[in-house]
Amino acid sequence: AQSVAQPEDQVNVAEGNPLTVKCTYSVSGNPYLFWYVQYPNRGLQFLLKYITGDNLVKGSYGFEAEFNKSQTSFHLKKPSALVSDSALYFCAVRPRSGYALNFGKGTSLLVTP
Amino acid sequence: DSGVTQTPKHLITATGQRVTLRCSPRSGDLSVYWYQQSLDQGLQFLIQYYNGEERAKGNILERFSAQQFPDLHSELNLSSLELGDSALYFCASSVVGGSRTSTDTQYFGPGTRLTVL
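Top line first, the protein sequences correspond to chains A and B. Going by the numbering used here, the first residue of the first sequence is number 1118, and it counts up by one from there. Going by the numbering used here, the first residue of the second sequence is number 4, and it counts up by one from there.
Excised from the complex, chain A in its bound form (with noise of 0.2 Å):
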């Protein structure tokens, strides 16, 4: 069965520290990797994908992440965390085969002042 796990419900940070968002993933073949972020009341942000190449993807509002296919995780970085950037992350990935996203259940993520 394939299926996303973002193992931590929430992750507190303070503004200025590097942050990290856990995903890993159990999807036969080579999937696609997705980062969203889902604000209060709002509909889920494109933040980066992971198709091929490079193992560091850098995406919007100065966040990353790397894919490590050994390890079959896609953490999602930020070198210095905001506090706008508190929220709702989600990881998905969607197999080469499918269409459809599968995410994880979410993280929450606090930076404080």
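Source of the hints: derived by calculation from the structure; they are not laboratory data. Here the structure is a predicted model, which means the values were calculated and not measured. Treat each hint with caution, since some may be false.
With a straight-line cut-off of 25 Å between C-alpha atoms, the simulated DMTMM-like cross-links for lysine to aspartate or glutamate are [as the list claims (entries may be wrong)]:
1) A:K1222 x A:E1125
2) B:K12 x B:E85
3) A:K1222 x B:D107
4) A:K1139 x B:D107
5) A:K1166 x A:D1126
6) B:K60 x B:E78
7) A:K1222 x A:E1183
8) A:K1175 x B:D107
9) A:K1139 x A:E1183
10) A:K1186 x A:E1125
11) A:K1175 x B:D4
12) A:K1194 x B:D107
13) A:K1186 x B:D107
14) A:K1175 x A:D1126
15) A:K1222 x B:E85
16) A:K1166 x A:E1181
17) B:K60 x B:E85
18) A:K1194 x B:D4
19) A:K1186 x A:D1171
20) B:K12 x B:D74
21) A:K1139 x A:D1171
22) A:K1222 x B:D43
23) A:K1166 x B:D107
24) A:K1139 x B:D43
25) A:K1166 x B:D74
26) B:K12 x B:E65
27) B:K12 x B:E78
28) A:K1222 x B:D74
With chain A held as given, fit chain B onto it using these hints.
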């Protein structure tokens, strides 16, 4: 703003009723996807349409149906509503999405919050 619009923003209705949610994709996008977000099930894919034709089906109940019109907007119809159908319903669109090898990104609308009383 992703460019995907959804109406209405909020919908409150009673059990047994039928509602229609509407989605307009980004200009130029041919594919529309519907997702349901609930506290217990998380974000789940319901159905995809590509250029007017159903392309993929997920965990969509038989009481639910969708279609995509010639102008590419889509409607999700929910009937015989139950309390458990209360959720946030998202529409997403992508440029192509008609091929399994497509790598295009899905862009999400703001969602319709459905409350069934």
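- For the pair we were handed, K1194 (chain A) and D4 (chain B), check the Cα-Cα distance against 25 Å. holds, 23 Å
- Pairwise hint evaluation, D107 (chain B) against K1166 (chain A), where the allowed Cα distance is 25 Å at most: holds, 10 Å
- Item | Pairwise hint evaluation, E1125 (chain A) against K1222 (chain A), where the allowed Cα distance is 25 Å at most | holds, 10 Å
- Under the criterion that the straight-line Cα-Cα distance not exceed 25 Å, is the pair K1175 (chain A), D1126 (chain A) satisfied? Judged against 25 Å, a Cα distance of about 24 Å means the pair holds.
- Task: Take the C-alpha atoms of K1194 (chain A) and D107 (chain B), compute the straight-line distance between them, and say whether it is at most 25 Å.
- Result: Holds: K1194 (chain A) and D107 (chain B) sit about 22 Å apart, inside 25 Å.
- Within 25 Å, alpha carbon to alpha carbon, are K1166 (chain A) and D1126 (chain A)? holds, 22 Å
- Message: Next pair to validate is K1139 (chain A) with D43 (chain B); report whether the Cα-Cα distance is within 25 Å.
- Response: holds, 21 Å
- Take the C-alpha atoms of K60 (chain B) and E78 (chain B), compute the straight-line distance between them, and say whether it is at most 25 Å. holds, 15 Å
- Message: Would the hint linking K60 (chain B) and E85 (chain B) be met if the CA-CA limit is 25 Å?
- Response: At roughly 21 Å apart (the allowed maximum being 25 Å), E85 (chain B) and K60 (chain B) satisfy the hint.
- Message: Holds or violated: K1186 (chain A) and D107 (chain B), Cα atoms, limit 25 Å.
- Response: holds, 21 Å
- Query: Straight-line Cα separation of K1166 (chain A) and E1181 (chain A) no greater than 25 Å?
  - Reply: Since the Cα atoms of K1166 (chain A) and E1181 (chain A) sit roughly 9 Å apart, the hinted pair holds (cutoff 25 Å).
- Is the straight-line distance between the alpha-carbon of K1186 (chain A) and that of E1125 (chain A) 25 Å or less? holds, 20 Å
Consistency with the previously given hints fails for numbers 25 and 28, ordered from lowest to highest.
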